[in-house]
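Q: Following the hints, position chain W against chain C.
Listed in order, the protein sequences are those of chains C and W.
Heads up, the first sequence is in the working numbering, so the first residue is 1 and it goes up one at a time.
Heads up, the second sequence is in the working numbering, so the first residue is 1001 and it goes up one at a time.
No lab work stands behind these hints: they were computed from the structure.
Hints should not be assumed to be uniformly reliable.
When the alpha-carbon atoms are kept at most 20 Å apart in a straight line, the in silico PhoX-like pairs for lysine-lysine are as follows [unchecked claim]:
hint, chain 1, residue 1, chain 2, residue 2
1, C, Lys3, C, Lys92
2, W, Lys1159, C, Lys326
3, C, Lys326, W, Lys1229
Protein chains: 2
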Amino acid sequence: MEKIAILGAGSWGTALAISLANNHHPNVIWCRNKAQAEEMQNHRTNQKYLKDVTLPETITVTNDLQDAIKDAKYIVLAVVSQSIREITEKIKNDISSDAILINVAKGLELETNLRMSQVVGEIVSNPFVALYGPSHAEEVSKGMPTLIVSASDNEAAAKQVQDIFFSPSLRVYTNQDLIGVELGGALKNIIALANGIAAGLGYGDNCRAALLTRGLAEISRLGVELGGKPHTFLGLTGIGDLVVTCNSEHSRNRRAGFALGQGKKLDVVLEEMGMVVEGVYTTKAAVELARTLGVQMPISEQIYDVLFNDADVNQAVGMLMSRDKKGEEEYFWQ
Amino acid sequence: MEKIAILGAGSWGTALAISLANNHHPNVIWCRNKAQAEEMQNHRTNQKYLKDVTLPETITVTNDLQDAIKDAKYIVLAVVSQSIREITEKIKNDISSDAILINVAKGLELETNLRMSQVVGEIVSNPFVALYGPSHAEEVSKGMPTLIVSASDNEAAAKQVQDIFFSPSLRVYTNQDLIGVELGGALKNIIALANGIAAGLGYGDNCRAALLTRGLAEISRLGVELGGKPHTFLGLTGIGDLVVTCNSEHSRNRRAGFALGQGKKLDVVLEEMGMVVEGVYTTKAAVELARTLGVQMPISEQIYDVLFNDADVNQAVGMLMSRDKKGEEEYFWQ
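So here's chain C without its partners, still in its complex pose (with noise of 0.2 Å):
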């Protein structure tokens, strides 16, 4: 049977290996932190990342990494977006040619604004799969019913991919536009954050649905523009991700931006979550795009201004009420 490597033991990539074992498939999963690395391979749990789980003994749970990917054939990369060059570099060497890497980290590079693709690709040239959609790891590792999306401009790792994972409750399916895919998971976090300011200043379901809407279509623009289908942005890593993320209590970008709303700075809000928020990188990282390619993305440029300007939030939600009486058409599509 072919290795399966899982790099990050966070929530995640631990669903995911269960996904794996109980779909027959024993796999390896490379754990950072030494004592939760031997927490999960003796006490078969994670306390820290995925409460309520017991792995099977089908995983193996090591802190070696080089031992991890040795003569690994599948190598899951979950680790959070802003390590994927650090990781991809340390495991270069070490991996065979036809090694299939499997990204699930959702996000856009600070300081080069690369997709993840992208960076695994300027450091080597192994068939890459995106495997994202609307998953909730808690979800997925007690076997409730979840659709994602094997995506490659590889058609065949993408059926690869697809057929390790896929059982009677996680059903992938594939896709071809890795772009478009890649683009949804990343760009969705900037109007989960803008949801969240909405919910923290205490609007209800109709301005966060209208929102919704609106984001979905200038994160569209924007992904089009680069490359993506449009097709894509309405499909499972496009609008369901999208809704997931911002209807989730425990999505932290929509936490974060809740913290905002409720009139907290961006320092504290980061401070105070202690870990790391993708959305507030990649509305950076979208703003500065659009604004090079000329696409117009209202939300994202308030939300840039509240994030990196000082802006009040009230007045960021003030401004986006108060343009002129439109037709939608030209509203959503301009």
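A: Using the frame of chain C, we list chain W on its own:
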């Protein structure tokens, strides 16, 4: 000032009357129930349908339909969709020929499968506007930010309706795709039922996000086949209204679905709810239309079988999850 009449004193009719009054447009509400009309006129409350509001003094409430519509320039039809024909018949001889009819009921007529504008158009030839979008009445009545759509193939009428309702908290966009707007508003209730069923079965956010995504794809397919524009289903009356309905505990359709998901039978559910569940009619109409036109609507077909063929809800969801391995594009847009 031009007279505005609102026919129907449910939560949405009342919220719109309050919005108009706050926008310096006095108006008259016709209330079918005499006791409720007297409560609203004398005590300035609407305990049954919209708690916690005080009706502005510039709203008059009457039980006399002819009195309400006499010389009205704008007439808002705020009764349930299956009563639109009856109310239009009742007023047809007493309205001025240039009165603008503003319909807010979302649904298709049972037996005929007609949209509301078609029902009204069989009786009178007045300008017709659909005022649709993601809008809980409670939030609108409190002045919480809301975006809605004034849709008509009569552009001047759509703009006049935009003008009377437009305010800092209630933004109104015009849209000339009346067919797409009406179909989005009606068909979304099928997906709300499906979403409720999934929740009632104990499924989580992942499953419901997937249902919403695939549901939007299939109602758009039917909607476009029936003459709506694709973009309309991505706007406020499409995605926006779908999201608000699927996530709201207040949605009757979602609540009815939830009870079905818990294993109750349709007749029991409808009796317990004691009110109209538009999505039940709409599922029947949509599936009949889809079969005639050869449009694939796998989710709607399963809901139809649950509602009308006594199908088991678990099996229905199982059917949706057990289809073959596919590409996403093939699946969503076939």
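Q: Does each hint fit the structure? Answer for all of them.
A: Going through the hints against the structure:
Restraint check for lysine 3 (chain C) and lysine 92 (chain C): the C-alpha separation of about 17 Å stays at or below 20 Å, so the hint holds. A distance of roughly 9 Å separates the Cα atoms of lysine 1159 (chain W) and lysine 326 (chain C); the hinted pair therefore holds under the 20 Å criterion. At roughly 18 Å between alpha-carbon atoms, lysine 326 (chain C) and lysine 1229 (chain W) fall within 20 Å of each other, so this suggested pair holds.
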